[in-house]
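*Asks:* Sequence:
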Amino acid sequence: MLGFIHLAILPFSVNFVGMETPSIELQLQTLPDSPGVYQYYDAAGKILYVGKAKNLKKRVSSYFNKTHDNAKTNVLVRQIVEIKHIVVASEADALLLENNLIKKLQPRYNVLLKDDKTYPWICIKKEPFSRIFPTRRMVKDGSEYFGPYTNFKTVNTILDLIKELYPLRTCNYDLSNTNIQSGKYKVCLEYHIGNCKGPCEGYESLENYQTQVDAIREILKGNFKNSLRDFKKLMQELAAEMKFEAAQKVKEKIEVLENYQARSTILNPKISNVDVFSIVSDESMAYVNFLQIAHGAIIRSHTMEIKKKLNESDEELLELAVVELRERFHLSTKEIILPFELDFGDTIKVTVPQLGDKKQILELSQRNAKYQRLEQLKQMQIVDPERHTNRIMAQMQKDLRLSAEPRHIECFDNSNIQGTNPVSACVVFKDGKPSKKDYRHFNIKTVEGPNDFASMEEVVYRRYKRMLDENQSLPQLIIIDGGKGQLSSALKSIDALGLRGKVAIIGIAKRLEELFYPGDSVPLYLDKKSETLKVIQHLRNEAHRFGITHHRDKRSKSALQTSMETIPGIGEKTMLALLKHFKSVKRIQLATEKEISDVVGVSKAKKISEFYNIGKS
Numbered sequence: 000m001l002g003f004i005h006l007a008i009l010p011f012s013v014n015f016v017g018m019e020t021p022s023i024e025l026q027l028q029t030l031p032d033s034p035g036v037y038q039y040y041d042a043a044g045k046i047l048y049v050g051k052a053k054n055l056k057k058r059v060s061s062y063f064n065k066t067h068d069n070a071k072t073n074v075l076v077r078q079i080v081e082i083k084h085i086v087v088a089s090e091a092d093a094l095l096l097e098n099n100l101i102k103k104l105q106p107r108y109n110v111l112l113k114d115d116k117t118y119p120w121i122c123i124k125k126e127p128f129s130r131i132f133p134t135r136r137m138v139k140d141g142s143e144y145f146g147p148y149t150n151f152k153t154v155n156t157i158l159d160l161i162k163e164l165y166p167l168r169t170c171n172y173d174l175s176n177t178n179i180q181s182g183k184y185k186v187c188l189e190y191h192i193g194n195c196k197g198p199c200e201g202y203e204s205l206e207n208y209q210t211q212v213d214a215i216r217e218i219l220k221g222n223f224k225n226s227l228r229d230f231k232k233l234m235q236e237l238a239a240e241m242k243f244e245a246a247q248k249v250k251e252k253i254e255v256l257e258n259y260q261a262r263s264t265i266l267n268p269k270i271s272n273v274d275v276f277s278i279v280s281d282e283s284m285a286y287v288n289f290l291q292i293a294h295g296a297i298i299r300s301h302t303m304e305i306k307k308k309l310n311e312s313d314e315e316l317l318e319l320a321v322v323e324l325r326e327r328f329h330l331s332t333k334e335i336i337l338p339f340e341l342d343f344g345d346t347i348k349v350t351v352p353q354l355g356d357k358k359q360i361l362e363l364s365q366r367n368a369k370y371q372r373l374e375q376l377k378q379m380q381i382v383d384p385e386r387h388t389n390r391i392m393a394q395m396q397k398d399l400r401l402s403a404e405p406r407h408i409e410c411f412d413n414s415n416i417q418g419t420n421p422v423s424a425c426v427v428f429k430d431g432k433p434s435k436k437d438y439r440h441f442n443i444k445t446v447e448g449p450n451d452f453a454s455m456e457e458v459v460y461r462r463y464k465r466m467l468d469e470n471q472s473l474p475q476l477i478i479i480d481g482g483k484g485q486l487s488s489a490l491k492s493i494d495a496l497g498l499r500g501k502v503a504i505i506g507i508a509k510r511l512e513e514l515f516y517p518g519d520s521v522p523l524y525l526d527k528k529s530e531t532l533k534v535i536q537h538l539r540n541e542a543h544r545f546g547i548t549h550h551r552d553k554r555s556k557s558a559l560q561t562s563m564e565t566i567p568g569i570g571e572k573t574m575l576a577l578l579k580h581f582k583s584v585k586r587i588q589l590a591t592e593k594e595i596s597d598v599v600g601v602s603k604a605k606k607i608s609e610f611y612n613i614g615k616s
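Note that numbering that gives the first Met the number 0 numbers the sequence shown so that position 413 is 412, with each residue one more than the last.
It is worth saying that the hints were derived from the structure and are not from the lab.
Mixed in with the good hints, there may be bad ones.
[What the hints assert, rightly or not] Quick list of in silico lysine-lysine cross-link-like pairs, DSBU-like style, CA-CA up to 35 Å:
(1) Lys333 to Lys306
(2) Lys306 to Lys358
(3) Lys102 to Lys125
(4) Lys348 to Lys307
(5) Lys103 to Lys377
(6) Lys103 to Lys125
(7) Lys185 to Lys231
(8) Lys102 to Lys57
(9) Lys585 to Lys435
(10) Lys527 to Lys397
(11) Lys397 to Lys45
(12) Lys139 to Lys103
(13) Lys369 to Lys308
Since we're looking at a predicted model, the values are computed, not measured.
Let the hints inform the model, and build the full structure from the sequences given.
*Replies:* Put into structure tokens, the structure is as follows:
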């Protein structure tokens with residue numbers, strides 16, 4: 000069974016007696032076509048990496064016959080001097096052995112899965128009148144251990160429930176039949192207040208006590224059905240015997256158990272003895288969530304954080320995490336639910352649900368993994384903002400398929416009302432944050448009428464023609480607010496300046512947040528919650544805000560000009576002086592001639608009053 004197989008196989012090294020370590024080429028030729036585990040060593044004999052393979056020869060050879068995209072992998076390959084391997088019977092055995100060797104050898108380039116020995120357990124002690132208590136130490140004396148649980152809060156909640164339901168002893172006396180018969184012990188306060196039935200003086204039989212322990216054992220496994228059935232039966236018997244007070248106490252126990260079950264049950268109770276694993280990852284970290292399901296209830300939840308070393312895939316990381324978690328928590332379930340297919344041998348059934356209750360529980364596990372990731376990211380943003388920025392930039396490069404991190408991004412947006420007062424705005428983000436000192440407004444000069452495409456072509460050309468003339472650094476990414484039409488117009492300017500291939504450019508459509516690439520008719524859709532899309536949306540919204548603000552200012556000025564600059568003999572200075580005093584054109588219109596003359600003089604006041612038909616006061 001996966002998680003409990005222990006392989007005691009010594010590493011096999013392809014070395015020749017009395018000879019130096021052979022060349023890598025020779026070592027590769029002697030590798031078998033069998034499943035197993037391989038180990039890489041450097042010139043000093045230090046372990047570098049441990050991996051598993053379905054076919055050792057093919058897998059190990061793949062490291063040396065190509066240049067890898069990941070820089071760390073290339074560095075690793077350059078350091079390899081010696082290859083050792085262990086042949087095993089199956090890929091599942093190789094997975095187990097890999098996990099054990101990683102924890103034992105702790106290679107530099109491997110994901111390190113450290114075994115945590117501090118998880119709490121609930122112990123049912125193997126002794127007459129079994130005690131039930133929490134512990135962090137497992138003693139192999141035949142006692143039963145349930146867990147481990149991820150924290151003591153969960154343990155205490157369960158023990159409080161058990162205490163409410165069943166009166167068990169809390170003392171550590173040796174309650175052998177001989178000691179009880181000899182009257183060695185006396186009942187304590189727990190007996191007198193009703194928390195214990197006094198087995199130390201023989202007031203409770205061993206048979207009755209162990210029946211309660213059996214019921215508790217089922218509760219710890221997540222099965223409440225038997226306890227509920229027994230309590231309901233007892234309540235009816237007591238009620239039939241007119242023992243209503245005792246029946247009421249049993250009823251209260253039923254309510255406690257049902258309330259606890261209601262809090263725990265989230266699925267169909269028929270889903271039992273199933274483990275659920277899901278993974279969420281970014282460029283540097285992965286988060287694997289594990290849920291243990293019994294009778295439709297979550298009886299254990301844990302999220303493991305894994306730091307990537309060689310840009311490992313989600314499949315590789317989840318495979319390793321499943322083996323580690325099953326071993327760590329002593330899991331023995333025959334079925335596991337995963338987001339994608341993995342092979343763990345014939346002993347374990349892998350289910351990849353597409354709908355129904357099992358799909359719901361998988362989605363729940365994924366949400367838990369995402370919440371853990373978000374929590375860590377928020378902490379990182381506060382503690383290490385530079386690392387947070389580097390992570391976002393790396394993620395954007397990956398999501399948008401860019402050749403370089405978009406440290407410098409520029410976004411363009413047009414604004415006009417029925418073709419009047421057309422303007423464009425360019426906003427600049429550096430390291431994912433607004434750089435407002437670099438924002439630019441553009442008044443459209445060469446375009447007549449409402450031509451959004453031609454306006455975009457003009458401003459993109461003007462922007463980057465000037466940057467080229469002044470030898471300014473170009474952005475890594477240009478974003479055009481609009482669909483294919485606006486993007487095509489911007490590309491004309493990019494081509495005219497000879498920047499095609501030097502600067503990445505994409506368009507974003509508002510309706511479905513589609514991302515368009517040059518020459519690609521199929522848009523890219525990012526996850527609505529992805530950080531990359533949030534940065535792009537922030538850019539688009541900022542460009543829209545900045546452009547609208549400039550457009551409004553221009554429109555207001557235009558309206559002012561049509562109102563006041565048409566007055567004969569009134570220039571711009573006079574107009575500004577009046578506006579500064581009266582604050583608006585409307586107030587000037589409502590002012591008396593004397594009030595105006597106090598600001599600009601009698602002769603100009605007369606012209607203005609005549610224009611607005613203002614009567615003398």
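*Asks:* Now look at each hint and say whether the structure bears it out.
*Replies:* Status of the hints after comparison with the structure:
no., hint, in the structure
1, Lys333 to Lys306, "holds, 29 Å"
2, Lys306 to Lys358, "holds, 27 Å"
3, Lys102 to Lys125, "holds, 32 Å"
4, Lys348 to Lys307, "holds, 28 Å"
5, Lys103 to Lys377, "holds, 33 Å"
6, Lys103 to Lys125, "holds, 33 Å"
7, Lys185 to Lys231, "holds, 33 Å"
8, Lys102 to Lys57, "holds, 25 Å"
9, Lys585 to Lys435, "holds, 34 Å"
10, Lys527 to Lys397, "holds, 16 Å"
11, Lys397 to Lys45, "holds, 33 Å"
12, Lys139 to Lys103, "holds, 23 Å"
13, Lys369 to Lys308, "holds, 21 Å"
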